[in-house]
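Engineer: From first to last, the protein sequence lines are chains A and B. Residue 109 in the numbering used here is what sits at position 109 of the first sequence, and the numbering runs on without skipping anything. Here the numbering used here = 1-based position in the second sequence + 111.
Where hints are given, some of them may not hold.
Unchecked claim - The calculated lysine to any residue pairs, modelled on SDA-like cross-linking and capped at a C-alpha distance of 20 Å, are:
1. Lys-90/A <-> Ser-212/B
2. Lys-90/A <-> Met-207/B
3. Lys-87/A <-> Tyr-211/B
4. Lys-90/A <-> Glu-149/B
5. Lys-238/B <-> Gly-175/B
6. Lys-96/A <-> Met-210/B
7. Lys-114/B <-> Thr-180/B
8. Lys-90/A <-> Glu-208/B
9. Lys-232/B <-> Leu-91/A
10. Lys-96/A <-> Tyr-211/B
11. Lys-249/B <-> Arg-84/A
12. Lys-87/A <-> Leu-151/B
13. Lys-90/A <-> Cys-228/B
14. Lys-87/A <-> Cys-228/B
15. Lys-87/A <-> Glu-208/B
16. Lys-87/A <-> Leu-233/B
17. Lys-90/A <-> Glu-227/B
18. Lys-87/A <-> Lys-232/B
19. Lys-90/A <-> Pro-209/B
20. Lys-87/A <-> Glu-149/B
21. Lys-96/A <-> Pro-209/B
22. Lys-87/A <-> Lys-101/A
To be verified - Some chain A residues close to chain B (C-beta under 8 Å, calculated; not the full set):
23. Gly-60
24. Arg-84
25. Ile-88
26. Leu-91
In short, the hints are calculated from the structure, not lab data. This structure is a prediction, so every number in the text was calculated from the model and none was measured. The beta-carbon is built from N, C-alpha and C at its ideal position, and this holds for glycine as well.
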Amino acid sequence: MPLTVKKQGEKLVASIRGDIDHHSALALRNAIDEAISRFRSKTLVLDFSEVTFMDSSGVGLVLGRYRNICAYGGELELRGLSLRHMKIMKLSGIEKIAKIKGGEENVKAAK
Amino acid sequence: MLKPQNEMKLILKSHSVNEGFARVAVSAFAAQIDMTLEELSDIKTAVSEAVTNSIVHGYGRKIGNIYITCGIYDNNLIRIKIRDNGCGIEDIKKAMEPMYSSLGGDRAGLGFSVMECFTDKLKVYSKPGKGTSVILEKRVSIKC
Ligand SMILES: Nc1ncnc2c1ncn2[C@@H]1O[C@H](COP(=O)(O)OP(=O)(O)O)[C@@H](O)[C@H]1O
Ligand SMILES: [Mg+2]
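Bound conformation, chain A alone (with noise of 0.2 Å):
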């Protein structure tokens, strides 16, 4: 699974390698929810600074699991995204639901 999961103090922090596509996203939102029951934490980070390509289905994902730790009141910060990556996240708004770390000058750079 190209997935790493670790406990980071009060967060959990999940971190992506390889290209996150629709055939990818199904496996990676398994083992990401799977993560999210077991350990409830307050925070979800999703990490992509090893992503490698990623199209809308990485949108989706990120979505969906805002969706599943909204149900218990969790946030949702991600990390490593790439201009490009960025710029496909900002079509949906994302940095008004999420927190977004490291490139901050690719947040502002994508628009």
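Use these hints to put chain B with the ligands onto chain A, whose structure you have.
Structural biologist: Only chain B with the ligands this time, still in chain A's reference frame:
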């Protein structure tokens, strides 16, 4: 449309595992034109969206053929057509609205927005019950 200088055609079964192959195959062919890595990634991303739509929406649970044509034209124009014989689209205008998806689950409804964002021209032809064609055009610059 003038004749392409070069062209490739690809027929794929609509298994989702082919999404990765389709975008890599098209970008490998397109890469014979000198372009930036960013432009190549733009092409990969747009192709991935169109192929995924044929798989997820066009054919759904069925398996059918996806026909991809990639042509290279004068002045660094790349034109990619992705066609399926799937269910077709009833209302194309509505389908192309940002965040609209006819499927629930984890579809973001941003496929057409991404295609628009990363290409210069997007055309969609569809007939309910017959299928859908998506044409993507991108003019790439010569790498400096
Ligand atoms: N090839 C296709 N065949 C049938 N319907 C399609 C096709 N491509 C797109 N659609 C329709 O257009 C809608 C929007 O597509 P898109 O922007 O990619 O969002 P998503 O795939 O997330 O639903 C889809 O939900 C679907 O109803
Ligand atoms: Mg789509």
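Engineer: Flag every earlier hint the structure violates by its number, smallest first.
Structural biologist: Hint check: nothing fails, all pass.
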